[in-house]
Amino acid sequence: MIEKEKINWIYKKIFTIRFFEERIKKIAKEKKVPGYLHTCIGSEAICVGVMAALNQDDWISSTYRNHGHAIAKGCELNEITSEIYGRKTGICKGRGGSMHISDFSKGMLGSFGIVAAGPAVVLGAALQEKINKSNKTCVSFFGDGAIHNGAFHEAAGLAKLWDIPMIFVCENNGYAEATATDWHLNTKELSDITKAYDMLSYIGDGNNVFEVYDITKKAINEAKQKNTPIFLEFKNYRFSGQYEGDTQLYQPQEEIDKAKQNDPIKLAKENSSKYGLNKNDLEKIINEAKEEVDKAFDFADTQPWPQPEDALEEVYVNYPLEINR
Amino acid sequence: MTIKTVKDAINDALVQSFEEDKNVILMGEDIAGGKGREQYQGTQDAWGGPFGVTQGLYTKFGGERVRDTTIAEAGFFGAAIGAAMTGLRPIVELMYVDFAGVCFDQMMNQAAKVRYMFGGKQKVPMVVRTVVGAGFRAGSEHSQTLYSLYTHIPGLKVVAPYDAYDAKGLLLSSIKDDDPVIFMEHKRLYMTSCEVPDDLKPIPLGKGRIRREGSDVTIIAIQRMNLFAEEAANELEKINISCEIVDPRTYSPLDEELIFQSVKKTGNVIVVDESNPKCSLASEISSLISEKCFSDLKAAVIKITAPHTPVPFSPPMEDFYIPSTKKIIDAVKKLKDV
Ligand SMILES: Cc1ncc(C[n+]2csc(CCOP(=O)(O)OP(=O)(O)O)c2C)c(N)n1
Ligand SMILES: [Mg+2]
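Protein chains in written order, with this note's numbering: chain A, 7 to 331; chain U, 742 to 1079.
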């Protein structure tokens, strides 16, 4: 049984992420924000389901497709939005932008723009937890495309060899950019690649937030009990393009229509009575989520820009010279 | 004569090279796009790379020669080296130069060294096409230039064209060249255009270009910085300061003679480079000039570069990061004491 409070939290987050991303898509069309935007419509259940199994001070890494992870991990909506708008009060002071939304104080080690950069960094955090006999959970999020990159494999091999109980979360959303996953995989199931490392792996429905939560929770316990890394593959569908502005020519309409039947938000709504939420409860949560998203965008709109010279700050912790101009 | 964008000029050079030499192949991530969805109409060749530069090649030349890869840069860069040594002329696309890190070893230790280290018996005729540059609000990991990273390595050639004419002519040469060439395309220049003759001959690597003749100050401009140098020169002309703009175009080999001739003529030098300042093309060119043209100099060489920071995302900070027309004008005025 999941406690009522958690259920409410899950619903609130899943709607917040969807509304947030829909708003971003609209704003991208109006060309109101600078730079690249990678939205995560279709990933909400994975972001929220995994994070529901974590504490706020547990460690995660994310990617350029990070809005959902950041929202679910507890980053301030106002600060996320300000960052995407490039404002001084943004979560990274305007230095990162949409691709690098991350707040260390919320347990985010980083949102990396380089595919497969995250797993090894999380491995290091998990090693620290082991050496210091602390018990924080360490999770790395990455996509199906990332499993072809050497950095992922090197992290996986070391994690197994060192008995590190970290969790690899692979979001198998059907595409790596404009390349279909069923084309780029060499194995029948994506998670078969863990066989090379004799690593435990589980596959789950990434559209079902409660299934994601369940599998993740069990995996965390098992990993810690057995002192071993675990690889989780959650299958879902990338409704967004690779980035906003992608023509998505390669995603056939019939495929999108089929995927829509398993839209994570649709499933969450359908399941709501099963989890003790009546129509009014649901409506209330939806309205709250909408309102918070609206407020965040209003907030960001009024925020000051950074000063040009702010660019020179915080390159190092300690540097004997003034960064030259 | 046709007006072409840099993007189309590069596509033209690729098509021409594919037609001229059946050993030319292309590998990279989504250089065609739509892999795995071929059964649906309109999915083939859906991308042509993130900027559409290679669009149409897959349709024209087929999947054997135009190969979409997984996100495995070390793998397909290494494959390009072996293929090049044994008879192909591979072109690989590094989607953004910022991803150099994940496959740098293949270029630095294999591509660059096999000829030398194994007694000069083999060659590696490959080209790395990659996208560089700030000004796209693309943040710290998608905006670097890293010219000097490759220029530093003996065995690699480095090319960075400014306009469509040079892009086509230099890419034709790079593909024909028997050494590994890093061909850097600036994302903010893709849609700029100029006249490009249909029968343009390959432009030899190692030959710079005087983009504007002048007598008072030499501005040595690296890739996109030519734009700002030209704007600055136009402004400065109004107050009777005559600027000469030198575009080296290739950085390894570097057309030192062309630079020195201009320095001899003007005695005043400004080097403009979008990269970080330390161990950069700007510092290299400046040191060469100080060494070889000391007696011709009327003042110390001035470098205008980005600061020693990563590329920031937010527009006011990124604009500050990138050298500007104003910074060039101010520097020239200071040099000329006006
Ligand atoms: C090392 C590296 N190579 C290429 C890229 C360009 N790139 C960005 S996202 C992406 C596809 C990643 O697909 P996947 O891992 O499935 O994640 P998704 O975008 O589907 O969440 C690629 C190739 C990159 N960022 N880093
Ligand atoms: Mg994917």
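Just so you know, not all the hints are guaranteed correct.
Derived, one-sided and incomplete: chain A residues facing chain U with beta-carbon distance under 8 Å [said to hold, decoys possible]: (1) G92; (2) G100; (3) A126; (4) D316.
If you're looking for bench data, these hints aren't it; they were derived computationally from the structure. For every residue, glycine included, the Cβ atom is placed at its ideal position computed from N, Cα and C.
(message) Given a cut of 8 Å on the nearest C-beta pair, is the interface hint for A:A126 held or broken against chain U?
(response) Check failed: Cβ of A:A126 comes no nearer than 12 Å to chain U, outside 8 Å.
(message) Just to be careful: measuring from the Cβ of A:G92 to every Cβ in chain U, is the smallest value less than 8 Å?
(response) holds, 4 Å
(message) Given a cut of 8 Å on the nearest C-beta pair, is the interface hint for A:D316 held or broken against chain U?
(response) Because about 6 Å separates A:D316 from the closest Cβ in chain U, which is inside the 8 Å limit, the hint holds.
(request) Closer than 8 Å between Cβ atoms is the bar; does A:G100 clear it against chain U? Give me holds or violated. (result) holds, 3 Å
Hint violations for this structure: number 3 only, all remaining hints satisfied.
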